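The whole structure should be built from the sequences, with the hints applied where relevant.
Chains as they are written, first to last, in the working numbering: chain A, 1 to 317; chain B, 1001 to 1381; chain C, 2001 to 2259; chain D, 3001 to 3341.
These are computed hints drawn from the structure, not numbers from a lab.
Incorrect hints may have been included.
[Stated by the list, open to error] With a straight-line Cα cutoff of 30 Å, these simulated BS3-like cross-link-like pairs (lysine-lysine) come out:
#1 K77/A to K1189/B
#2 K1192/B to K150/A
#3 K1291/B to K62/A
#4 K1189/B to K1222/B
#5 K1301/B to K62/A
#6 K1266/B to K150/A
#7 K3229/D to K2071/C
#8 K2077/C to K3229/D
#9 K2073/C to K303/A
#10 K1270/B to K77/A
#11 K2073/C to K2031/C
#12 K3101/D to K1120/B
#13 K62/A to K1297/B
#14 K1291/B to K150/A
#15 K1192/B to K1380/B
#16 K1189/B to K150/A
Predicted, not measured: the structure shown is a model, and the values here were computed from it.
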Amino acid sequence: MDFSVLTDQFASLTFDGIALGFIYVLIALGYTMVYGVLRLINFANSEVFMLGSFATILVATKLFNHTIESDPLTGFKLVYTMTAMLVGAMIVSGVASVIIEIVAYRRLRSRTSNRLTSLISAIGVSIVLAEAVRMATSSAPMGSPRLLDKTILATVWGADIRVDTLLVIVFAIILLIVLDLFVNKSRLGMGIRAVSMDYDTSRLMGINLNKIISTTFLIGGLGTGAASFFYITVYEMTRFSIGFELGLAAFTAAVLGGIGNIRGAFAGGIALGLIEMYASAVLGTQWRSITAFVILILVLLFKPNGIFGESLQQARV
Amino acid sequence: MNKKIKASAAIVAALALSLGAFAANTASAATTVKIAYQGPLTGPEAQTGTDSIRGVKLAIKIYNATNPAVKVEIFEGDDQGDDAQGGTVGAGIAADDAVIGVLTAYSGPTIAALPSYKAKGIAIVSPSATRASLTDPTSKDYGNPVFHRIVSNDDLQGPALARVATNGVKDPTVFVVDDQSSYSVGLTKAVKLALGTAFQAGDSAAKGAVSDFSATIAKIKKEKANVVIYTGYYADGAKFLKQLRDKGYKGVYAAGDGVLNSQFPKLAGKKQSEGARLTAPTVPLEVASPKITAMFKKDFKADPGVYTTEAFDATNIFLQGIKAGKTTRADMLAYLNSASFSYKNTAGITIKFQESGDLSGSGLMNQFVVKGGTIKLNGKA
Amino acid sequence: MSNQPVLELKNVTMQFGGVKALNQVNLQVNKGEICALIGPNGAGKTTVFNVVTGVYVPTDGEILFNGKSLKGKNRHKITKMGIARTFQNVRLFGEMTSLENVITATDVHNKSGLVGSILNTPRSRREEKAGREKAHEILKFMGIDHRSDQLAKNLPYGDQRRLEIARALGTSPEIVLLDEPAAGFNPSEKKSLAELIVKIRDRGYTVLLIEHDMSLIMGISDRVAVLDFGEKIADDLPSVVQNNPKVIEAYLGVPADAS
Amino acid sequence: MPFNLRDTGATLWANSNKWQRYLIAGVIIVGAFALPLLEGTFLNTPRTPFVSVLFYPIGVYVLMALGLNVVVGKSGLLDLGYVAFYAVGAYTAGILSMHTKLNTWEILPVGIALAMLSGFVLGAAVLRLRGDYLAIVTLGFGEIIRITALNSSAVGGANGISNIPNPPTTFGFTFDLESDRNYYWVVLILIIITILIIRGLSARRPGRAWESIRQDEDVAELMGVNTYKYKLWAFVFGASVGGAAGVLFASKAMFIAPNIFNYNISILILAFVVFGGMGNIWGVVFGAVLLSYIPERIRFISEARMLIFGLVLIIMMNLRPDGLLPRKKREKIGIAGGEIK
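Put into structure tokens, the structure is as follows:
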């Protein structure tokens, strides 16, 4: 163990950890929204992210004819190109998420109470999507043009505040606030919360379940799509297997924070980003995922529902 | 009832799909021999396999186009880069009597399959298995007499990489990053040994599992390293280099043959990759032969990748043997192991094998430098 | 009937957040009696069952079973000590047969475990045989032995209710807690159930009963305790409770048969 | 009536007397032992030796699927890190063969014991969690084992351990590169033993306890089932089977490395269990055989074979949500609990 890197580069690590954490937060939405409503691990969400990341790049390269060697844009052109990429990623991910629900989950929901069946179906979808993209891309990674120059805006305590990471943080916060308002204030949002609290009663109350569930998947997909856009903006590369890496981390984040609620995803994502960054610095990058899992296990032992988890476990006798 | 019938029909359909519909293609005339490729063609490692097997296919296509007496077919052995499948796939390749030689991609699955190849006396020419133990007579993994490789082993490349990386750097302070693959771990060990006191610290970021290298970069900054050596493959290597430069690192970046890929400067960015130093026992296909590169691009609508040249050359070694009339396993193996064997590779370098299966001579390491977004050969390492 | 207490609640308080589901409740159930627990919806009746069986840990107070405190006891230990229950919403093991449902409950007193079952030891064989015989006997007693090989989820509703009681009896309890066993029954079914409960009592089991149907309660109970807003407002012979003004007031606000 | 394999089989079994049952079991067992004879028929795997495929992946995966079935299918505990126990078994074989002269049969009980121990430690810590939380924690445990092996040079790091000795010649049966058939027979014997044990457990107290936990854990506990203990037992039993599979695999493959024990194996085994029919031994066996066989059978379309595997999963789950051979509906047939005498 070597704490010298941590103390030496603390501000820098913290800022980077938070930025990474926000990407986890947004992907975690895809897990947490669906879990909240259906009590189902949406395994295919990782591939929703993967599709979104390709969509982001393809919008830039096919729609706007940028190449990987294009120079950064400025001004209005930058804004509308980036907006188009964000929207493109969100549309692709959102639609993919809704289609996955219809293909992999909807039929099963009415036919079996066995939730593992849906899980395997989702794993099937996951394999199909990842393999299809692998074949389409010849297994090669796809790089993104740098459209937003990584200008350093300020240096705080030795940490560079860069425009791209700042963008992630600001936009993620805005998205989360909008989503929180939507779920808590809008009619559809109330429906989602009602279903999430009591599935059976909601059905009896005449709530259109399929509509609510599709909406939930759509929102989860949109969040995941936004995450993939921000991921590309910061890391500028994707490949067919990216879903597994990021998906597993985001799922861990969702559980760490307390799966099923948005604030939990937020807390878990940021916590995981920081844990990974600090663990890499202190123990070495090869121990980062182990550290994350060990901390997850410890947290669950003392707080069985995660940091912000509602008390799902309370026996409803 | 109707549902049940539908369900039963589905099972039958699934079975038919898996068993009947795809009848195995077994036709093979007496004048046809096979060259097998054992490597990852599906799954997370598929990139390496895809890049390599295209080199194999291209070489065979060029050969068959000359209307030879003995036609050559390819046997695709997909081990997914998985050590567990290596043994089964190797046994399958060994069981096909038409196979007279095999290219194996990864060291792990090669070692898993080695007992089968040894038992059946099938010659291996590996385009990419670089683990030192495969050609180390004292190791349990020693591949003699069947194993050969046309990549330099890690023990040869390590010193070259260390030398190239620190060349011209005053008071080098070196930071080494590996990707935890067995290739990378072996190379790292050799590099560290060659660096001696110049080696400062290191970090390991598992291949394909790390997007954000901030913590590694924080360490590099803290150590005030002026040379960074990356021992993994090009995708992660490019991602790492890009982040490294974006965070203001000004020193040397050097990497081994895993990074030697035309995509590398593109993925890392023109500005960020400028001046990156690479070593490899071979050359990228684009540099080695623009003509073959053009054929490759025409055939596959894609760029050549890591080990494409090596796979192309390894296949040509077998094809050279077949042209010389070596169309049985025993003949092929004896041919490769004979003292008179030599082969002129795509880059025009004549290569021979040592008894251990390694290339003979140590003057095969080349160095490259990235200039203006392309990889340029920069002489011997 | 004796005055020997089987189950005693002493000043039991159960608080959920700001809500006191039970407030300083004292209750005594004597050996061999049918004690009914009534009250409007939300009065805390099921909460009593839950604190007794260990589902909830009471915020305050003490629960004694045959004079021994249940504090810190696991749910399955409490069952083994001799307290069994049924559930307001039927909660059978739907994909087991009726017989298996009951045998599962009889297992609580068995000694053989995993190793014994793998080796099929004489003790394991003996216990399996005894469990099956006992389960059949209980099903017969409850009048549903003809259903023993049917999956619990396929049983008619009334038989599911009976099976729940049978399963509770399978644990060889001293006291059974029945949570609205007649819910959803028509009058004739209620009548036969009432006879059954009396039969259960006559077999030597003590019964604590939650029920809304007043005529059923008044017909078979030896004693009636009334809860309202988490507090016990009456506890006496049925005839006395019936005329208690507090009880009448509590019930006037809320329809008595809402369930 | 459409033909229903499960019910037909179960009815046949239920209506048979003791001797007929011995006969049926005998035919099935002899048939299983004779499977290597099918080499060269239409069942042959095109690019891998058929008998070798019978051992790995089919035999080893069937064994693991049976073990995981006790955890997931019978007890309803979602374990996404089952590969951990497989790894513990395999690494026990690797490490002991490096440092001791023990042969495979002597290592086997050690491997099983260590796998059980790790199952016990993990289970004791996390089995108070429920459902989906358990899933992520077990997944994490699998990764912890793999990455620790990867980071530990004492067990070869990324290079793993090679030249693990084959089992010694036993009762005249040799175990070397050419003796795929003998390895297959060994794994078959282990599979049969496992099935017998699971059948014994299922019909008796532990089976009922697991079943009740799966269906309604709260109620099970209120009916006197020591749920924690039985969940732990399920976990430990599952771990022991995984450990045995690991030892056997290592001694045949002679080479193990951390990347063999990745998370995909856990998912694959889980897919076998659910695909075949959770909780039903024969369903699980059938599912594991089919799903580990198909990718080998269709190797000649190697580019798309994983894609097809994924499609098969989706289609089958949608058409038969409870698996190919779902848990048997025991009513009418009369194989009620404890019927086996």
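Evaluation of the provided hints:
Between the alpha carbons of K77/A and K1189/B the distance comes to roughly 49 Å, so the proposed pair goes past 30 Å and is violated. Restraint check for K1192/B and K150/A: the C-alpha separation of about 33 Å exceeds 30 Å, so the hint is violated. Distance check on the hinted pair: K1291/B and K62/A sit about 29 Å apart at the alpha-carbon level, within 30 Å; holds. For the hint linking K1189/B to K1222/B, the alpha-carbon distance of about 23 Å falls within 30 Å, and the restraint holds.
For the hint pairing K1301/B with K62/A, the CA-to-CA distance comes to about 17 Å; that is within 30 Å, so the pair holds. A C-alpha spacing of about 17 Å is found between K1266/B and K150/A, which places the hinted pair at or below 30 Å, so the restraint holds. At most 30 Å may separate the alpha-carbon atoms for a hinted pair to count; K3229/D and K2071/C meet this at roughly 21 Å. Between K2077/C and K3229/D the CA atoms are separated by roughly 12 Å; this keeps the pair inside 30 Å, and the hint holds.
The suggested pairing of K2073/C with K303/A holds, with an alpha-carbon distance near 22 Å, which does not exceed 30 Å. Our distance criterion of 30 Å between C-alpha atoms is met by K1270/B and K77/A, whose separation comes to about 22 Å. A hinted pair counts as satisfied when its Cα atoms are at most 30 Å apart, and K2073/C with K2031/C qualifies at roughly 22 Å. Restraint check for K3101/D and K1120/B: the C-alpha separation of about 29 Å stays at or below 30 Å, so the hint holds.
As the CA atoms of K62/A and K1297/B are separated by approximately 20 Å, the hinted pair is consistent with the 30 Å bound. Restraint check for K1291/B and K150/A: the C-alpha separation of about 39 Å exceeds 30 Å, so the hint is violated. Proximity of K1192/B to K1380/B is assessed by CA-CA distance (about 21 Å); at most 30 Å being required, the pair is judged to hold. The hinted pair formed by K1189/B and K150/A fails the criterion: a straight-line CA distance of about 35 Å is larger than 30 Å.
Against the hints set out earlier in the document, violations occur for numbers 1, 2, 14 and 16.
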